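One letter stands for each residue in the lines below.
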Amino acid sequence: MKERWTESAIGRGMSLGKLGLKLTGSYLGYQFQELFLNEEAKKESQSRFRRNTCRQLKDELLALKGPMMKLGQALSMQDHILPKEMVEELSALQMQAPGMHPSLARAQFKASLGKVPEEIFAKFSPEPFAAASLGQVHKATTKDGRLVAVKIQYPAMASAIRNDFKLFRSANFAARIPGDVIDEVEQGILTETDYLHEAENIRFMHRGLSPLSFVHTPEVLEQWTTNRVLTMTFVEGAPLASFLSKKPDIKMKNELGAHLFELFLFQIYVIKALHADPHPGNYLFTADGEISLVDFGCVRRFSKKFADLVECFLKQSWLEGEKSFDKMMRLMWAPGVSVNDKKARAILQNEIDLINMVFPCAEGQLMNFADSEIFKRGARRNTDIFLARLAQPEFPFYERAEVGLYTYLRQLEASLDTKNILCKVMRKRLAPTRVE
Amino acid sequence: MFRTTSDCVFEVDEGCLPVNHEHTHHLMKTKSSSRSELPPKSGSKRSENKQRIRKAILKAALYLFSKQGFYKTTTRQIAKKARIAEGTMFNYFHTKEDLALYFFEQELVGLMDWYHLESDLEDAPLVEKLFGIINHHLERISPYEDFVGAVYLRSLQVKSKLSPLGLERREQALRYLRFIKEILEEAVEKKEIPDKLVEFGPYGVGLFHLAIITYWLNDCSTGKENTLALLDRCLKMGHSMLFKQGGWDW
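Read top to bottom, the protein sequences are chains Y and S.
Letter 116 of the first sequence, counting from 1, is numbered 116 in this note's numbering, and no numbers are missing.
Letter 79 of the second sequence, counting from 1, is numbered 79 in this note's numbering, and no numbers are missing.
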């Protein structure tokens with residue numbers, strides 16, 4: 001795609017307007033064409049039209065960079081309301097803010113903390129080492145010799161996001177999306193612009209995950225943290241691809257896989273919160289099979305209802321009798337949504353199949369995650385649940401983390417004694433170090 | 001009669017940078033020697049003393065301006081604060097406006113000195129250099145924001161010495177334009193921009209600089225981060241509109 005620069009609000013407005021024109025243009029073309037097409041060609045053309053439109057939408061959002069990317073990404077999680085083609089295109093988006101040159105990063109640091117980085121740190125690298133949600137991360141060394149990561153947000157992100165949402169609401173393709181969904185997405189993104197919120201997430205997860213000795217999370221250095229600048233201790237590790245490039249043996253891969261699996265179960269059953277951004281840059285691995293988590297902008301804590309639901313899924317409690325089944329229904333469905341029993345039972349049966357697959361019945365039997373069957377089943381389960389408009393607010397996050405986990409395990413080609421790991425997690429849950 | 005906007009702002013008759021020998025000589029100077037544009041450093045003690053008193057008066061004035069505002073401060077108060085006789089003060093500055101002019105001159109000299117010593121910017125792309133210069137200027141004047149705001153309002157009066165139409169500002173404007181021209185010439189050498197831009201580019205940068213200061217004066221965001229975003233986005237957008245593929249046809 002030709003590079004386009006549309007950095008100002010006006011530019012963004014124009015670009016979105018152009019998108020509207022393109023959609024309208026191609027839709028008209030499609031309508032016209034339809035007069036001459038037979039049934040079969042019509043169907044194919046319709047799908048192609050939608051895919052083309054979605055690609056245009058993605059390209060426009062890519063050209064806009066910044067918060068609109070985030071919007072596209074967030075919308076891609078709402079796949080129960082958007083057409084399948086659109087979700088596929090939108091999922092390709094990565095959250096990214098415009099890059100900052102050293103002078104701007106320094107100025108933004110000063111605008112937020114009142115001092116330039118050199119006054120605070122013994123060493124500060126002017127070039128970022130990683131892109132982060134809505135900003136970038138710089139390496140620094142504190143005066144007492146600690147290696148830290150300093151995350152700096154691009155200036156005025158929150159107001160840019162509000163502006164973008166104003167434009168987005170007026171764009172014609174947004175009319176198909178319910179207003180409250182847009183509000184919720186906006187609120188979610190605005191929360192991510194507040195690094196103090198992320199700092200709170202880091203503290204929460206650091207405390208919560210402390211019983212797992214193989215997981216490392218950063219610590220926040222509060223004195224140098226504001227809503228726009230987040231200073232935290234540096235955690236070691238490299239993305240999975242570079243872990244695999246060193247050709248670790250199968251034992252090491254299985255050990256790492258077991259750690260990942262335990263980390264996931266520990267999050268959902270013990271601390272009842274999820275690091276729900278399994279982006280390859282956010283899970284870092286050391287050569288000895290330990291895990292470092294970074295970027296806590298997207299941590300979702302479960303409501304009581306969702307925590308109960310996860311528990312019921314595990315215990316398959318709805319099979320215990322009508323009363324339990326009714327309870328399950330209440331947990332799953334939002335008030336006022338009616339789904340017939342047959343459909344509900346079909347969804348739950350899918351769930352049982354999936355659980356049985358991940359946790360084979362026989363003692364000591366290993367689950368081989370290199371198999372792609374689990375993806376298919378998982379995907380079917382998720383689609384069913386969404387189609388039944390079951391989506392509790394936590395569900396997209398849960399799904400994202402789960403798919404991320406299976407992707408990692410598949411890349412590792414891990415075979416795990418999943419039941420044993422589950423038992424281990426349950427034992428830890430009962431241990432006195434339990435986190436409230 | 002009024003002339004075109006860019007002429008008005010910088011009060012240059014020819015509509016482009018002056019071409020007399022003295023000026024071309026300046027432009028041909030190397031980076032380090034351009035600091036010789038500072039007020040002449042005469043060896044004589046008398047002149048040094050004069051400079052010292054000027055600076056003392058400015059310091060006293062800035063203190064009072066920031067404490068009680070530009071309009072409420074009288075020349076008598078300034079003289080008292082600087083510990084000189086009011087008559088002596090008159091030898092240096094006739095009005096508060098003269099003081100403001102001196103302030104801006106000093107700031108400009110300071111800004112140029114800073115730029116020439118800032119090694120980080122030496123190899124930076126043009127966009128970052130201009131960002132650095134304008135942002136550093138804002139940082140320098142930020143302790144005197146109220147004063148700068150008052151001066152801005154005052155300068156809107158055509159008869160004011162501070163008006164961009166005033167002859168008194170001509171020298172400053174030229175110095176600024178030469179400074180920017182020098183930077184643009186470096187960018188031409190590095191093939192960042194076409195050489196056609198060197199002639200009128202400085203006026204564009206100057207107008208943009210003024211616009212950013214105006215926005216900055218009205219920016220209520222934390223740490224004035226809205227100004228940072230505007231500055232960065234405008235520079236990047238301007239650069240790409242003018243020079244990137246699909247932009248202006250040169």
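The hints are simulated quantities; they were obtained by calculation from the structure and are not laboratory data.
Some clues are possibly wrong.
[Said to hold, decoys possible] Straight-line C-alpha distance at most 27 Å; calculated DSSO-like pairs for lysine-lysine:
| hint | chain 1 | residue 1 | chain 2 | residue 2 |
| --- | --- | --- | --- | --- |
| 1 | Y | 166 | Y | 143 |
| 2 | Y | 343 | Y | 305 |
| 3 | Y | 139 | S | 181 |
| 4 | S | 80 | S | 161 |
| 5 | Y | 110 | S | 67 |
| 6 | S | 59 | Y | 110 |
| 7 | Y | 115 | S | 59 |
| 8 | Y | 166 | S | 236 |
Only a predicted model underlies this, so the values are computations on that prediction, with no experimental measurement involved.
Hint check: residue 139(Y) vs residue 181(S), CA-CA at most 27 Å. Holds or violated?
violated, 36 Å
Checklist entry - Given the proposed pairing of residue 115(Y) with residue 59(S), does the C-alpha separation stay at or below 27 Å? => result Distance ~24 Å between residue 115(Y) and residue 59(S) Cα, so the pair holds.
Quick one, are residue 166(Y) and residue 236(S) close enough, alpha carbons at most 27 Å?
holds, 24 Å
- Query: Are residue 80(S) and residue 161(S) close enough, with their CA atoms no more than 27 Å apart?
  - Reply: holds, 24 Å
Exercise for the section: Mind checking the alpha carbons of residue 343(Y) and residue 305(Y) for me, to see if they're no more than 27 Å apart? Expected result: holds, 21 Å
Checklist entry - Straight-line Cα separation of residue 59(S) and residue 110(Y) no greater than 27 Å? => result Given pair residue 59(S), residue 110(Y) holds - Cα atoms ~25 Å apart, limit 27 Å.
- [ ] Assess, step by step, whether the Cα of residue 110(Y) is no farther than 27 Å from the Cα of residue 67(S), and give holds or violated.
- [x] Holds, at roughly 24 Å.
Distance restraint between residue 166(Y) and residue 143(Y), which requires alpha-carbon spacing of 27 Å or less: The hint is violated at about 44 Å.
The structure fails hints 1 and 3 (numbered hints given earlier, in ascending order).
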